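Build the full structure now, drawing on both the sequences and the hints.
What follows is the residue order along each chain.
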Amino acid sequence: MTAYITQRLLQAVPVLVGISVLSFLMLHLVPGDPVQIFAGDKPLTPQRAAELRHAYGLDRPLVVQYWDYASHAMRGDLGIGLRSQRPVLDSILEVLPGTAQLTLAALLIAAVLGISLGIVAAVAHGTWLDTAVMAVAMLGISTPVFYSALLLILFFSFTLAWFPATGQGGAERLVLPATALGLSSAAVLARLVRSSMLDVLHQEYVVTARAKGLAPSLVLLRHALKNALIPAVTMLGLQLGALLGGAVVTETIFSRPGVGRLAVDAILNRDFPLVQGTVLFAATTYVLVNLAVDVSYAIIDPRIRYR
Amino acid sequence: MSAPAIARTRPGSLTSPALAGERRATQVLARIIHSRSAVFGGSLLALVILAALAAPLISPYDPIKTNQRLSLEAPSLAHLMGTDRFGRDIFSRVVWAGQASLPIGLVSVAIGVVVGVTLGLLAGYYGGWVDAVSMRLVDLLLAFPGILLALAIIAILGGSLTNLMIAVGIAAIPEYVRITRGTVLSLKQREFVLAARVIGCRGAAIMLRHILPNVVAPLIVLATLGMAAAIITGSALSFLGLGIKPPTPEWGNMLAEGREFLQRAPWVAFFPGAAIMLTVLSINLLGDGLRDALDPRMRM
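Heads up: the sequence lines are chains A and B, in that order.
The numbers in the working numbering rise by one with no breaks, and the one at position 304 of the first sequence is 304.
If you want the working numbering, it's the position in the second sequence, counting the first as 1, plus 1000.
By construction, these hints were calculated from the structure, which means they are not laboratory data.
Check before you lean on any hint, since a few could be wrong.
[Stated by the list, open to error] Covered stretches of chain A (in silico footprint by chain B; criterion: 3 or more residues with CB under 8 Å from a CB of chain B, positions within the stretch not fixed):
(1) 84-91
(2) 211-224
(3) 267-277
[To be verified] Partial selection, computed: residues in chain A whose CB lies under 7 Å from chain B:
(4) F158
(5) V264
(6) V287
(7) L288
Keep in mind the model is a prediction, meaning the values are calculated, not measured.
Idealized CB from N, CA, C, for every residue including glycine.
Structure, rendered in structure tokens:
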């Protein structure tokens, strides 16, 4: 167990280093002189350019600059935002709870909706109900989050006036964004749970359980579901990335402050320290979350440790 | 010397599943035609593509020219999908927008496939440091959740049609590397590959003529479904203001414009969104049908 966790931790190290190199290089990959970015769009005299270059340390060798960047980042110093003139990490941490709340709520909706629809479709296999659920799932997979969000706002905010259309704070402002964000993951999950449930329902131990006279609901919930859910848990972990990406769009539509919105605004304003910071932060968080998910699988399912 | 002659006529035909003959192709074709999902999705997609291609012929109005007197008119016989803030006909814009949104899907998938398959073939076939380097690269690309990688690339290159295609294409590379590499690894030790090597085929020939054909079926499925994802990502970036900029019509940026008038004039956002959904739906249905026909093991 410890060996497995150590191995996974070690595997994450080169990826984390790679992420830091990439986010560092972003500034230098932009066509033109990086100094221009710090100067904004103002024309630059050669003397002013040299001053800025020195002030931001851009006149040093790239390796030295990277080392400086990475060692500061390790200590939580991601630089100062050009527009806000505040530490980048402060700007991120300020809006992080909103994004975390949105993503987790969407994950919950996806899990509950996806798993129950998948079970319903599997149990009703071959009937109109199965067909209907799968058709809805197909629509769900094909609807981009920004469109389902607009349709939800149109219906539940403007027509029925049940929920507010925008903003943050309180459960009633979380329902629509989380639903919009979770829908397509729910659809992916429903299809997966249905097919893995159908697989399991034909296995011998389930047939045996039925043959010895157990109530069908008991067979379904106690015997079949447990094994059918293993791929679903894996898929939930994978969907987290999609949800984090979808949060970027969702936050924009619902005018919610969040890390995604922050990143998009930073790109639009060409605020590069903030762009680098959000990219580095989001990718690192994603890698660490995946690591945690992997390790927890190993705890839940011992077979994984020995692969 | 007869061995090279044999190699020239039918190299590696011993048990190569890819070269098993036309019978299999006919079978697959029959299965595709019998798949309701593939036929329906394919026809719908053909209709969408045709409409985009025929935009100059079928769009009743100029998609760019504004007319303030017609601002935000509801759908009517004169304007099937209504008009937007600038009085432009939404139907005309939706049809023209296909000329931007569809190529994003096609070209970015092509970038992903070409780069991904090449890397996957090299990594799987040669192993060693080539494999190590490509897989670390894939790990790195996979470390970026969802559209974040595309966002980062757009941040560097700036938003335009070409950059959008590059960004979405690069983000799609890992999937193709993994599936190609996996297939190569499983085939490398099979008899028909060993036989090809014994009769003196070079690495490139073995990869392209003996191994690649076996990756084609899963690749077609993956690329089809990938195109749906690419269209969504492309329009999402335009929606965020990071892709194709107005007044050039694109489904994502039209939706963004319509968002401001959602309460007063819902049709402005509704129809471009419906166009994205229908296109993606048709591609997904086609992809599902193709998967069932080409690779029954992957069936959901």
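**Report entry** Violations among the numbered hints, reported as their numbers in ascending order
**Finding:** 1, 2, 7
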